[in-house]
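> Protein chains in written order, with this note's numbering: chain A, 5 to 329; chain B, 5 to 329; chain C, 5 to 329; chain D, 28 to 130; chain E, 28 to 130; chain F, 28 to 130.
Read the hints as simulated data drawn from the structure, not as lab findings.
To give an idea of the interface, some chain E residues facing chain B are shown, with a C-beta separation under 8 Å as derived from the structure: (1) GLU41; (2) ILE43; (3) GLY73; (4) GLY82; (5) HIS113.
Here chain E is said to cover these stretches of chain F; the calculated rule only asks that three of the stretch's residues, wherever they fall, bring their Cβ under 8 Å from a Cβ of chain E: (6) 28-40; (7) 54-64; (8) 111-124.
For glycine and all other residues, C-beta sits at the position ideal for the given N, C-alpha and C.
Residue strings, one per chain:
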Amino acid sequence: MAEIFDLAATNLLSPVILSFVLGITAALVRSDLSVPEATAKAMSIYLLFAIGFKGGAAVAANGLDGTLVATLVAGFVLSAALPLIAFAMLQVMTSLSRIDAAAVAGHYGSISIVTFVAATSVLEGRGISSEGYMVAVAAVMEAPAILSALWLVSRGGSGRRMDGELMRDIMLNGSIVLLVGAFFIGAVTGQEGLDKISNFIVAPFTGVLCLFLLDMGLVAGRGLRESRGVLNFGAVAFGIAMPLVGAVLGLVFALIVGLSSGGVALMMVLSASASYIAVPAAMRVALPEANPSVYLTLSLGVTFPFNLTIGIPLYVAASQTLTGG
Amino acid sequence: MAEIFDLAATNLLSPVILSFVLGITAALVRSDLSVPEATAKAMSIYLLFAIGFKGGAAVAANGLDGTLVATLVAGFVLSAALPLIAFAMLQVMTSLSRIDAAAVAGHYGSISIVTFVAATSVLEGRGISSEGYMVAVAAVMEAPAILSALWLVSRGGSGRRMDGELMRDIMLNGSIVLLVGAFFIGAVTGQEGLDKISNFIVAPFTGVLCLFLLDMGLVAGRGLRESRGVLNFGAVAFGIAMPLVGAVLGLVFALIVGLSSGGVALMMVLSASASYIAVPAAMRVALPEANPSVYLTLSLGVTFPFNLTIGIPLYVAASQTLTGG
Amino acid sequence: MAEIFDLAATNLLSPVILSFVLGITAALVRSDLSVPEATAKAMSIYLLFAIGFKGGAAVAANGLDGTLVATLVAGFVLSAALPLIAFAMLQVMTSLSRIDAAAVAGHYGSISIVTFVAATSVLEGRGISSEGYMVAVAAVMEAPAILSALWLVSRGGSGRRMDGELMRDIMLNGSIVLLVGAFFIGAVTGQEGLDKISNFIVAPFTGVLCLFLLDMGLVAGRGLRESRGVLNFGAVAFGIAMPLVGAVLGLVFALIVGLSSGGVALMMVLSASASYIAVPAAMRVALPEANPSVYLTLSLGVTFPFNLTIGIPLYVAASQTLTGG
Amino acid sequence: MKTHQAKRVVITIEAIMQNRLTDTMEAAGVTGYSILPVLGGSGRSGSWSREGQIGRANGMVQVICIIKPERLDDLLDAAFKVVDKHIGVVTISDVEVLRAERF
Amino acid sequence: MKTHQAKRVVITIEAIMQNRLTDTMEAAGVTGYSILPVLGGSGRSGSWSREGQIGRANGMVQVICIIKPERLDDLLDAAFKVVDKHIGVVTISDVEVLRAERF
Amino acid sequence: MKTHQAKRVVITIEAIMQNRLTDTMEAAGVTGYSILPVLGGSGRSGSWSREGQIGRANGMVQVICIIKPERLDDLLDAAFKVVDKHIGVVTISDVEVLRAERF
Ligand SMILES: Nc1ncnc2c1ncn2[C@@H]1O[C@H](COP(=O)(O)O)[C@@H](O)[C@H]1O
Ligand SMILES: Nc1ncnc2c1ncn2[C@@H]1O[C@H](COP(=O)(O)O)[C@@H](O)[C@H]1O
Ligand SMILES: Nc1ncnc2c1ncn2[C@@H]1O[C@H](COP(=O)(O)O)[C@@H](O)[C@H]1O
Ligand code: NA
Ligand code: NA
Ligand code: NA
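Build out the structure end to end from the sequences listed, making use of the hints.
Set out below in structure tokens:
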């Protein structure tokens, strides 16, 4: 227990987290500090490329163990199933409309790649290794949740919202393509490839993550300011309870599959995190009636900071205790 | 004396200065070389974050010595007082209107953070250490000069220009918030934090500074081209005399406070430098009648290049001679 | 021969090439992956600055050998002469109009700096050194081809298209000024200057090149998609035959001048590559009737990928065999 | 200088719907348009800004289309199909164009 | 397709004054507007460009507001308060809007 | 609020021709204009987008000019010289301006 607090404190006082806090604070006091859109996108391209490549290179180094397929399937099932649980919880805990609840639910089945990145950086900091293919699992978990969310809506009577174009948009969205592509490049070029570019994708990684989280803090803080009053107590409670539920489910699946201590922690993080890129975009197209401030504020303003500060150290500690890792 | 020339030559032939020269040359020959706005902003975010963080980490490493408060007070007083001197000089040396003179004066009380950054990089190159909290002094010196400038105008009869919103804009402008925020993060996470991100904020720092100065050169050169004829001989003379006056005052205050050799040099640099971000923005809001080409050309086109090339080595040499450092 | 295949395979499976393939694939499957314009420009500024600086520093280290002037002259002649050959080939192999053929021809006399950068990175990877002043040769080869192209058109009867302003635009275009400027900075500051910023311009270089080529792949793929049907078989054949012709001519000139093995390879690369920045811009101004999809698709969609994947290893192998290097 | 009557249609629409809109317009035979970026704004669904955003879910663009008056209704029908359920403002005004043969 | 008469007001104003302008507009009950970036320009006070700039002191934006004709004067009064001493161009033109119920 | 009649001229032109156009306009005595970025578009010569581009060869900008009606022809003549052989759309519409003394 003391160790958990220790881990949480170390995590909270890292440059990465404090940069996020700086961003959120700057936005809340209405400073005009801002990161240009092009710069934010450049950093996200960098992070996706680096994390994908490193995952692929790790797979090349360690070989694929038999758990890969099982883990991918587990990820797919979790992504598809979590929205159903989230939806049920939302109907109990909040008074959101059916459509808003379904849209929110979709976000919690899918994943937040920057939460994943922050978690890998915590694991690295503590010297815990994890399966390189977890980034592939992250990619697999992006989309199924969207289908579940749309299914939840169509069950409620409104006609179908999914068409071929939307499906293509979701499967081939830039983050997935870049993450998976970089993973393959890393897997093909292996350690030799990594050596060539590690001064770019490894050495400055944590520093770039700091500035990226500064920006995330600015955007989250601005969102919180704009949407004051959008979320009531029940919704905020959901935004904290749901990641815990997701993490527990992720834990169960990961233990069944037999992942390493680091892999278990990452599976918990993926299940606990909520999308703020792929799913919001899909929802604007497929469910334009759903209120974006509700799902964006919950995902980026409540669950993301919760996972970043409290969630990740908790999941790492839990996985270490339970795997004995 | 020979040493000063030597230092000046080393400084002039460094990649940092030559990049600025390249930028200014490209703009003057009307090359279409340009740095996108988003890229320039990204570099300035990087530099502010890095310089703030390193200052904070230095404070964490060396502890706060008793001179901190005295130095902050000295900075505040200098920032508030320098505009009055500048204003008097401008009324003697130029025929600028009262409002233009006050606007220019405000710039010279405040500071240019990139001049400060260039100076720290010269100090580092020569192995001279300085008080980490000088970045906090830089932050403190941004705003008081603006109030002095507005006071100079209001004394001249025109009603008050300062309102709560402008005050908030000035105190919470992005550069100050980022610099101070990064300083706190550095101070809290200390050497351990620095180790995590030094591959990002230390290793490539000088290189980024080169490209940033390339951009500053482009902007300064374009400004000089556009505003040919705006400045007469008296104004240009002020743009070179004023930093020297500021540097001497900064020297006196720094010696009284008892800073180290590096700290004295930085205090001289801060006093000698003229703002080109915070103050111009405040002036556009509060003194829209003042002519921006006058203050921007003086600050960015005359004083900044002067400090960068001749001023910094001079201030460093002076501080070393006088502190025996 | 086996060695060539080996080299080609190593080249094809490098992170740099695979990033390009990822970009082109993402564009062809219509993923929404995209790099912001400001980010792409920032990377190109970085690459030009780094390659220019390193070239200059190499010259400072090794001194100028007597071949410099001869090589610059050779570059000039090649750039001016290649369009004439290209034009003749286009009239035989394609049914392009005189103006379109002249515009295309201009691109093949000039050079693609990113092909050059990719080649230097292959040479470095294999430990082959080359003359630092080859970047100056690259700069010299940018413009003459444009004049040849316009001469080809004016011979065909339409009045002259070149005016002083266009001439200035071409000679002082941003890429040339930055490349040459950085070269001078590198030459002046030498090894000492390089040491100061090598953590920025050397260490992360290959990684940045990966992301830049990812973007080039996206742009090339989008271009190929948009202009399906613009190029017939003859044109595509030209896009592959012309670099080979250029490379052979470059080889001959380089052997006559007496360059090192690396220098010969780079001269072949310069002659083989086709411009996609300076020349297209000049053609839009001077030959607005020429169809940009023809020259852009050929240069960026056919010849660039060919050189990147097959050409470079071929030229390196040829130069090594023939120079015995 | 001789000019011709035309209509200028400005469709302010969510960025995420841009391709769907232009595809629909092209299917309706409208091939000339320009896209302008929008930095931010405010409306019934609150205010927004593109600053620091990486997602495509918020943010709008302006699709501007100069069109012959007789083709206006085709364009509006096409646009309406896409804009209907989505956030968006469509305005039409009269303009004169130089070189009408070019569009 | 049924359209409604409206006014299109375009206020080109210094970027630094943007928030003051939109706050004043909102205080006057105008909540719908879009902000367009301006890259550069020229006027009595010389020419400018945003290229490579980091400061906020130069550069302009366009605030575009589609508004019911009867609300025009409120908007202009509000805008005038802010634009008055500052650099800025305000233009008004007639437009028709689709879906007037939405604004 | 008192307004004045003016013309709003919008010239959508290749970015590479921007300086040549504004130089010609200035030579014709037109000094007030603003430049708006264009992200992409489509026309007879196909569609384009600025995404990921580093070259200046494709991409357009909008040069917007508010001008007194009596000065319109000078402007159009000047613009026409540059736009003539080049890709570009020129539109003219009526606007009212506040503070006509400022332009
Ligand atoms: N009256 C208006 N004038 C200009 N732009 C508007 C107007 N109303 C809405 N918009 C734009 O359309 C977006 C969505 O509007 P709404 O659906 O009302 O929230 C706003 O954020 C603005 O960018
Ligand atoms: N007549 C005009 N048409 C379009 N934009 C203008 C006009 N006059 C001024 N502007 C814009 O407003 C800015 C400031 O104008 P000024 O106050 O005249 O210097 C210019 O740099 C342009 O961006
Ligand atoms: N009718 C139009 N409405 C708006 N923009 C247009 C129109 N026609 C052409 N454009 C713009 O001008 C560019 C070149 O047009 P074009 O010369 O027809 O290929 C297009 O890519 C658009 O950005
Ligand atoms: Na999840
Ligand atoms: Na000062
Ligand atoms: Na060539």
